[in-house]
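K.L.:
Chain by chain, the residues:
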Amino acid sequence: MNIHEYQARELFEKFGVAAPRGKVARTPDEAEAIARELGTDKIVIKAQIHAGGRGKGSFTNGFKGGVHLCATPAGIREIAGKMLGQTLVTHQTGPAGRVVNQVFVAEAKGIKKELYVAILLDRATSRPVVIASTEGGMDIEAVAEHTPEKIFRESVNPLLGLQAYQTRKLAAALGLTGKQAAAGAKLIGSLYKLFMASDCSLVEVNPLVVTPEGDVMALDAKFNFDDNALYRQPEVVAMRDTAEEDPREVEASKFGLNYIGLDGNIACLVNGAGLAMATMDIIQFYGGMPANFLDVGGGATKEQVAAAFKIILADPKVEGILVNIFGGIMRCDIIAEGILAAVKETHLQIPLVVRLEGSNVEIGKQIIRDSGLAVISADSLAEGAEKVVAATKSKAA
Amino acid sequence: MAILVTPETRVLVQGITGSFGARHTQLSLDYGTQIVAGVTPGKGGQVFEGGVPIFDTVEQAARETGATASAIFVPPPFAADAILEGIDAGLELVVCITEGIPVNDMVKVKAAMQGCKTRLIGPNCPGLVTPGTGKDSYGGCRIGIAPGYIHRKGNVGVVSRSGTLTYEAVWQLTTRGYGQSTCVGIGGDPVNGTSHLDVIKMFNDDPETEAIIMIGEIGGTAEEEAAAWIKANCKKPVAGFIAGATAPPGRRMGHAGAIVSGGKGTAAAKIAAFQEAGIAVASTPSVMADTLIAHIKALKG
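Chains A and B, in that order, are what the protein sequence lines are.
Under the numbering used here, the first residue of the first sequence carries the number 1, and numbering increases by one thereafter.
Under the numbering used here, the first residue of the second sequence carries the number 1001, and numbering increases by one thereafter.
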C-alpha cells in the first residue's frame, strides 16, 4: 500500500523525524492560508500523486511542472488553482496521468548536502537493514552499480532493534560531524521506530539534506507498507487513497481477490499465485498476451468466483478467458458453479476455455458438461493455453 | 527413506477445530497420515472425529502422544505465536500453512529460532507429502493441504515456493510413471523457515531421491543461491521452472515474496543461474516433468 507525500510528513511528525514544516491543501484558499501560516518567502507547492517525476511532469490543461517554488501566499494560491482538479502526466503515471486532488504546501529549504537513507527488509538475512549513502538526490540503483563503496549498511537485530551506536556509525559514514551527526543519528533512529511501528516494508528518504542553516532533514519520502500487517494498522489503512489505484484492483480487493491488471487481451482466472504467474507465462509462450493476474485463492466461494469473472470482463481489452484450476483447497465443483453463474450473469460472448484438475474434478467437469454452455474444455495447461490463444485469434479475425 | 517425514511420523495439528484445519486434518487422516493430536486453546479434552484427542497446549499434546511434527492452521494474527509454541515444545518439525502473517512477525520468529533444533517449513505454504504405497499413494504422510491422490511413491524430490504449481509438477510426474520421494512446499513469503537450498541438501543426502525438480518464482535470490550450490555439490539430475517471466516489475504477484524490486529477483536472472548450474530449465509449466525426464536420460546416455 502506498501513501501520499503529505501523509508521509504526518507520519514523520508523529515519530519525530525532522522535516520542513508543511500541510496539505485541497482548495486554493487552504493553500494560501498555509503559505501565510508558514511566514516565509521560500515556499514550495507540490502536487500530490502516488508517482514520481512530478517536477518534470505536465498538466493536461497546459500548466507545466507538478512542483513549484514561490515567494508569496497569493502566488501559491494561483498555482494551486492551476493544479487542483487537473490531470498531471509524468514519466511514471502513464499517458493517462493522475488527477490531483491535494497539494502539499511547505517551507522550501536550501540544500547544502544531499544524502540518502532507507530502511527495508534484507531478504538474504531476513533482517531489517538501514541503508545510507552520501549520494542523495540520485537514483540509488545507479549508485549501487557505479560506486558501491558509497553505500553503507547496518543490519538490525530484530530482537534488539536498531541500537544507538549503529545510528552514530551511519551518521559518521554519511560524513556528518558535531551537532549534525547527533541530528542525523536521531533522525535515523526515529525513522526505524516508524518503520517498525507502522509495519513498513520500505521507507526511503531521498534526499536527506543538510540545509545551509545546518539542519538535518528529510526532504522527500517514499513509503510502502506490509499488506499482511494492515489488519493491525488502522491508521495506515485510513490513509489509503483508492483514487490512486486501478479501479479493478480496488473492486477485487473488496471480494478478497488478488488481481493485477495488465495490457493484454487474454484474461486468466487461476487458483494459487505461482500457478497464476505460470499461466500468464504460458499464454505468452503460445503467442497470446495476458490481460491480468488473478488468484482466486484456496477458499473462494461461488460469489467470489462470479465476482472475479465480472472484474475481468469489465476490461474492454479482454477477448478470451482461460480458467485454470488445480484444486487443492479449491474444489472444482465450486469453481464450475461459479463459472456457470458468471457466464449467465454476464451473457458471455467471448471464448472461454476451462481447464480443471484436482479435488472433485470429475464433478466439476460434469457440471460444466451438463450446463450445455459453449465452454471449451482442456485437460492440460498447455492444451488450455493453446486453445484460448487459437480461439481468441479466430474470434477476433 | 524420503526426507523430513515418513509414514510413521506422528503429527499434531494446531488449529484443528477451525474449519480450514478440520477439513485438512480429515483429508490427512483419509490419506493414512498418523494424526495423533490436535491443539486448540480452550478445547482441551474434546475429541476430533475419528478419535483424535484435542489439547490446550502443544507441550501437553506432544508429551501425551509422542507427536514430533506439527501442522499449523492458525489465523495470521496468532500464527507466529503458534510457531513459537511448537518450537518451545521441542518439536522436530513445524509446518505453517497460514498465509498473511505480518513480515515483522516472521522476522522476529526467525531470529528467535536461531540455535533451536526445530525445522520450520513455511509459512504461506501447502506443506509436504511423503507418498505411501497404497492406492493413490494412500498410507503416506500428508501435512498441509495438497491433494493426496496426485502423488505416487518414487524417487523424484520436489521442492517449490508454490502450491498449485507444485501439484501440476507432481501430477505430471505421477502420470508419466515417475513417483516422488517427498514433495516440499516452502511457501511464498519473503521470510520463511526453510529455503530451496535447505531442501536440496536433504535430497542430495537422501538415498531414495534420485532426481530433483525445483520450482521457483520472481523475488529474492533463493533460487540463485541453490543453483550455485547445486553446480558445486549435487550429482543428481535437477530440472527447474521459474514462474513470473511476464510479471510487471514492482508488483507483488499474490505471494508476499513474489516481487521484482529495484531490478532484482527477475525470472531471467534465475533462469540464467539455473542454466549456468547445469539445471535443465522447463520452458513452460506444462513440461516440467518432461524436462526432468529428458535430462535424466541425457545424463545417463
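The reader is advised that the hints may include incorrect statements.
Claimed, not checked - Chain B side only, calculated, beta carbon under 7 Å to chain A, not exhaustive:
1) Gly-1042
2) Thr-1284
3) Ser-1286
4) Asp-1290
As the list claims (entries may be wrong) - Here are the simulated lysine-lysine pairs, BS3-like style, with alpha carbons at most 27 Å apart:
5) B:Lys-1201 x A:Lys-14
6) B:Lys-1108 x A:Lys-222
7) B:Lys-1201 x B:Lys-1153
8) A:Lys-310 x A:Lys-387
If you're looking for bench data, these hints aren't it; they were derived computationally from the structure.
C-beta atoms are modelled at their ideal positions from N, C-alpha and C, and glycine is treated no differently.
K.L.:
Of all the hints numbered above, which does this structure not satisfy? Sort the numbers upward.
P.N.:
1, 4 and 5
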